[in-house]
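Dock chain B against chain A, hints included.
Number of protein chains: 2
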Amino acid sequence: MTNWVYSFGCGETQSLDIDRDRLGGKGASLAEMARMGLPVPPGLTIISDVCQHFYVHAKGFPDGLKQEIEAGLRAIEAATGRQFGGAETPLLLSVRSGSRVSMPGMMDTVLNLGLNDETVKALAADTGDERFAWDSYRRFIQMYADVVLGLDQEFFEEILEDRMSELGYAYETQLSADELKDIVSEYEKLLDEELGESFPQDPCEQLWGAISAVFSSWTSARATAYRALHDIPFDWGTAVNIQAMVFGNLGNDSATGVAFTRNPSTGEKALYGEFLLNAQGEDVVAGIRTPQSITEAGRIASGAEKPSLEKLMPRAFSELVTVAARLERHYGDLQDMEFTIERGTLWMLQTRNGKRAAGAAMKIAMDMADEGLISRDEAIIRVDPATLDQMLHPTISPDFKANPVGSGLPASPGAVTGEIVFSAEEAISAHAEGRKVILVRTETSPEDIHGMTAAEGVLTTRGGMTSHAAVVARGMGVPCVTGAGNMRVDRFDNILHGVGGVLMHAGDLVTIDGSTGRVLKGAVPTQKPALSDDFQRLMGWADAARRMKVRTNADTPGDARTAREFGAEGIGLCRTEHMFFEGDRIKTMRRMILAEDEAGRRAALDQLLPMQRADFEEIFAIMHGLPVTIRLLDPPLHEFLPKNEEEREEVARALDMETSLLKQRVEALYEFNPMLGHRGCRLAISFPEIAEMQARAIFEAAVAAARLTGEAVVPEIMVPLVSLRSELEYVKGRIDGIAGTVMRESGMTLTYRVGTMIELPRAALRAHEIAEEAAFFSLGTNDLTQTTFGLSRDDAPGFLGAYQKKGILERDPFMSLDFDGVGELMKLATERGRMAKPDLQIGICGEHGGDPISIRFCETLALDYVSCSPFRVPTARLAAAQASIREREDPASGKAVATA
Amino acid sequence: MTNWVYSFGCGETQSLDIDRDRLGGKGASLAEMARMGLPVPPGLTIISDVCQHFYVHAKGFPDGLKQEIEAGLRAIEAATGRQFGGAETPLLLSVRSGSRVSMPGMMDTVLNLGLNDETVKALAADTGDERFAWDSYRRFIQMYADVVLGLDQEFFEEILEDRMSELGYAYETQLSADELKDIVSEYEKLLDEELGESFPQDPCEQLWGAISAVFSSWTSARATAYRALHDIPFDWGTAVNIQAMVFGNLGNDSATGVAFTRNPSTGEKALYGEFLLNAQGEDVVAGIRTPQSITEAGRIASGAEKPSLEKLMPRAFSELVTVAARLERHYGDLQDMEFTIERGTLWMLQTRNGKRAAGAAMKIAMDMADEGLISRDEAIIRVDPATLDQMLHPTISPDFKANPVGSGLPASPGAVTGEIVFSAEEAISAHAEGRKVILVRTETSPEDIHGMTAAEGVLTTRGGMTSHAAVVARGMGVPCVTGAGNMRVDRFDNILHGVGGVLMHAGDLVTIDGSTGRVLKGAVPTQKPALSDDFQRLMGWADAARRMKVRTNADTPGDARTAREFGAEGIGLCRTEHMFFEGDRIKTMRRMILAEDEAGRRAALDQLLPMQRADFEEIFAIMHGLPVTIRLLDPPLHEFLPKNEEEREEVARALDMETSLLKQRVEALYEFNPMLGHRGCRLAISFPEIAEMQARAIFEAAVAAARLTGEAVVPEIMVPLVSLRSELEYVKGRIDGIAGTVMRESGMTLTYRVGTMIELPRAALRAHEIAEEAAFFSLGTNDLTQTTFGLSRDDAPGFLGAYQKKGILERDPFMSLDFDGVGELMKLATERGRMAKPDLQIGICGEHGGDPISIRFCETLALDYVSCSPFRVPTARLAAAQASIREREDPASGKAVATA
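Those protein sequences? They're chains A and B, same order as listed. If you're matching positions, the first sequence starts at 1 in this note's numbering and goes up one per residue. If you're matching positions, the second sequence starts at 1 in this note's numbering and goes up one per residue.
Fair warning: there could be bad hints in the mix.
The calculated lysine to aspartate or glutamate pairs, modelled on EDC-like cross-linking and capped at a C-alpha distance of 16 Å, are [stated by the list, open to error]:
| no. | chain 1 | residue 1 | chain 2 | residue 2 |
| --- | --- | --- | --- | --- |
| 1 | B | K643 | A | E647 |
| 2 | B | K806 | A | E667 |
| 3 | A | K806 | B | E689 |
| 4 | B | K806 | A | E689 |
Simulated from the structure, these hints should not be mistaken for lab results. Here the structure is a predicted model, which means the values were calculated and not measured.
Isolated chain A, as found in the complex (with noise of 0.2 Å):
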């Protein structure tokens, strides 16, 4: 019985026994494939045991490997009919590493390992082509240097290309036998004066080595720095491979490729790959001759000249098309294969999971489920949500004639229309403003990253697909345009200059197409996407799989007309704040705020109950019975009142008030931390009224939406900010007061419910006594973020950037729930509500709520749904589909918070 190596492909298959993790990915897929009876050159697999015995011992190795090691490669030889350092036929080897998740950092691979001065002339002889065996030792000696002596490739290089430019050749091939001859010289002289000794002639010597290599690879900078990010034990290790040589270079019977079961860009259910003839792996990764298609439809397709393979070499095609239908049903999943042949024998050295695009991978799952090679369920899970919002964003309508001011680079999809702003603050204040703004950057950094959450899309004059706003973008879902180098940004006077002498200023409207990279001046005609029938069908099948509901965050009509046409089940926030900017409303708004008394406040209260009624009506009637959770007024007043002096003396004159008088009473309001201030419930205690207004306006609006939708409305009414018992109590008094004078003046019976936000510790930790006054709660992740953390989400990104940089923190907490902390809260409320009130209905209103990640942990929590906004919709709908089926699965995937 063997410890540390096992064989495949020599007979009986040994390393079947042992678990993937400790055979790694290549090695386990090597198994498989030997297992199946498809070709795959002998070999053996050390276990990444080894690896952990490596490290724990000084580099060392374990008792016995050397034995087992030679046990194998005699099972190779046997196999093969070839001796490993044999002067005849001489067993010429690869070794590769093979971790349990695929990782940068890590030794790729040695090939040809085994010649010597002797065996290359074996080499030649025994394939009758002195110049193949020649340029092999050349190739080996070069790659060994490079990553197991660790001398640099480009000393090689040097001597090569010397050479060849004496000799006035442009391609290797050009090279001799004799030449290449010369050039091994070199090389070997070369390694005697930058290491002080000789090519390594033992090949035994030459396998330690290695093998040694391969392992020092697992600590390499870039393989820990991965180590880290991804959370991977160090104690994983990684595994190594050892495998007959099968040439792919010895002549045109001779080819090398990469072919995927389906195509990995479109989905389409066809095989699709490339392939060198002629050559060796590395030379298809150098990229120096154009692959061929290995497809007829696929070199018709492409418009390409060169024979495909299945014209090539018919008989060897034929057989990778039924390897590779049978891998595809094995893993059931797409196939990324490595293959070579040799002169016309197809040899199988790897197959894996294939990378797909985005739309892809939506059709491959599909397409599997409905032929039934995976299930319903599994086609859900391969799915990325956050991929989905891309595919839901408008275009410009393609009848529209559209004259750029600018291109750019598309970065992150949709269209857009905005009124410029040229920095992150300007984007957050008029967000709260509720207007839409595009923000146009010389170039983003994480600074800019809420600014960029508060603006419809993002222009930047500099950047690639890949610079930071590209990224940030992409993550967000917003529409951005990057790299837009025909423009150029002028902080100085606030102007973006377009082509053609065009000026922009701040506050005019500009659209980007992050599609195609167009900015264009103006407002311009959108249309929305069409949803493909996978779309609509994944969904479906998402809706079926899942236990939470989809509501969405909406504050506007149209808000939530866009929600529900992308499936949302109801309003989980309708914040009432923003009703407030439009139009005259301000003024009114401004008249109430500023008013001496009660008597005062409740005259421009009068005044805006139509208008909170007209916009509450059209709401309830647009979500047609569904539930609509509606948050009373929560920003503190002064957010309302005019910021700088001229406005200031504007507002005195509209409102017929002295100016000194309003700018003290301006300054009265001001607050030191207006996010732990006098807002939320606590404007609900001191000014009763205005929660008193807000109520009649959405009890008006409910019985007024049921006379015309003839679906009863049962309005949520949610209280911000509580932290006390006694705080919902009195609001909720204030409310039921309200909801029977409106009963009585309708004749109707209205059923409505009032609830909370759970948005600080306290809420959390005293969730049991909140849920006796109770009806639900929504847990307000975005504040319970900033408490939880003492950390203001508007003054954070000034030096989270440090703390990226330093590695202290690595998921913005804003982003996705910090599981640990704001988690723990959440996981207490929930438990303490229930407790208290089983029947308690909790869900999240965070923007949390539309991320993947955190709607996992929703799902732990066993919430009843999760509210996101409106783009996020179908996003939403597919993790909380993957998260049931997880969670069913596999509980402890939704990492546990554990209450220690």
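For chain B alone, kept in the frame of chain A given last:
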């Protein structure tokens, strides 16, 4: 066996079988005195269960009550030889309420119950004093009509006064029996007219009326409000005491009075009290006649001429002395007794623990412990820690010739000097800059509370000893003069007008003496109060009894010195930010903040280093080896920058910088929510060079102070505002680096400890992770309260008033810990921190560290120390001792936090 009614003084004292809570305080003391064989008029107690029944059953009485009361009355009749309603020797009764705790708003007493048109004659015959009998009847009708029938006393007073002025009498005593009969007739006529029914002649009807009135008074508005305020459960209810009348108004061998077993003002061990000759209880309360001293010594001390009880009735006096001594010994505390002497015979009507002045409380407790009456633990418990710091404030030097510019009431003791500020905001910002100010207001309101905390003293021109300013300042231990009516605040020009036309402007120095009420212009020499021996001994006992250490929050050498004198055992919080405001340092600090790059910052920091080092050196030397916890720079940098245009220009000139550039830099540092912004350890992560400079100053100072004092200094460096373990890890790494450098440079081995504030909810939740990096935790309950409630301490005063008015919040959570919310996080932090590191040192440094209720809670968490401001140190020592004793005796009294 009886269920509802228990007799005392009628042979067997039944009421001893029943617990004190159901008998009420008065009933219990009467039963106890009867059991001791003291002279108590026989009576019965209706237990408080009947009150519950009364409310549960719509003001009905339980079955059997009537029979039980009748049986009780028969026992009283038997004991007294009188008959209730009897025409010959009528039994008269007093009816008094008596709940578990003394409570305002309850019905007090109905005396002489049982008198009617018949029994009044019998009483006259029986006592041989017709005038007495009719006067008693008149009083009874008047009292009964008031408290039982609800008819206003004024009606009766009017009749009485009219008749007396007709007769030309000055005193009621001049009225003859016949004249009193006429008045009784007029009273009865009045009742007929006002109530439409005649005065009840049936003694039983009178009795049931009085019982109902007692129970009904349980829901009087005042009683209800009081219960709500003090969390007294409604269902406690009140008992009713019914007792045979004894008369202090049966001639000059009768008297009624109140006595204390010791002097409640000074604590002196001598009977103390007052009496009126020939009078009934309510005459003492009415204050028409001046009471006489009970003891001869008391008479002499007060310079009164009227003879003492000791002289007038030596036998009754000597009996009272004996009774008083027995009662004090029995109850082990100062007794407050009511007594009546009827024709030379002493009757005890009530005894209870007496209220006493703060200084007296200490003396009495110490004396009683010395006398062996109570244990030392009990003596410690008996002194209210909140009263201690009033004894510690400085007074004006007696040899200073004070020329007051105003005078008011001595509302809160202590003499202090500071700059005049006219608003709470100015007080707060001046305090933040380390300036000492006196807050001068016409009167204060809850909005001013945080300004009052920030001020050295408070002066108001309106309001009395119980005005808002007076009450709050006393609670805080802040010196205060209220109602300085000869001064005037002109808020328009910000001028304080003093007597003699003196004008004082904002920023001028003023001194107030809260012990005398004087206001003085400029600074005035003050001296420390001499601490009494009792004070010092009590502190010694407390130190022996307490488990928790007491440290101080001290930022300056002066604070450190004061605190050591008051017994501080270390510094729990040394804030470093104030140090940067001093003198010229602010200029260098600003240069550091405004530097373009790290090099510029380091240059300025190099200049700050020697100043910081000198600060720390002095503090270390003063603390002489005691632990000193120094917090790294905490506030956001913009707090150090100029706030207005004028200041900005000045600073720009001083720093040789363009004003526009400076303005730009200041604006760039602006934060929406500074409390949640770029501060605490976030500064150390963005600009590690600042933390490094501070660490170097600390270590170099520790080396120097150790060489100076010969005591090793073990500095504790505290990293503020940590929410992630990685933050602490990063900053600790920098500190450790500097420690190594300083040790190499100085050739001295330093022991030091790095720890963190736990002041954010996330830090409390992740305490087990953070503890792995921390040598100690300091619970920063100010910020923890802010973040747990989402409540800015600076902004809350604007709306917390409405909260308290509406009964939504009982205690200000910034004054006394919120056990339920903040307390649970503290509990989690200590449990989880110790789980990870059992020897983790944990203290508290928020303002709660000086609040007795909060200190009690800290003991339940077994914290290692509390830290508070220097003047609070004695309070904290005593409170910590009480907490230790109570935790031993009654762990539940600390209010265990349920983790649900």
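Hint-by-hint comparison with the structure:
At most 16 Å may separate the alpha-carbon atoms for a hinted pair to count; K643 (chain B) and E647 (chain A) exceed this at roughly 22 Å. With a C-alpha separation of about 26 Å, the suggested pairing of K806 (chain B) with E667 (chain A) is violated against the 16 Å cut-off. Taking the CA atoms of K806 (chain A) and E689 (chain B), the gap is near 15 Å; set against the 16 Å cutoff, the hint holds. A hinted pair counts as satisfied when its Cα atoms are at most 16 Å apart, and K806 (chain B) with E689 (chain A) qualifies at roughly 15 Å.
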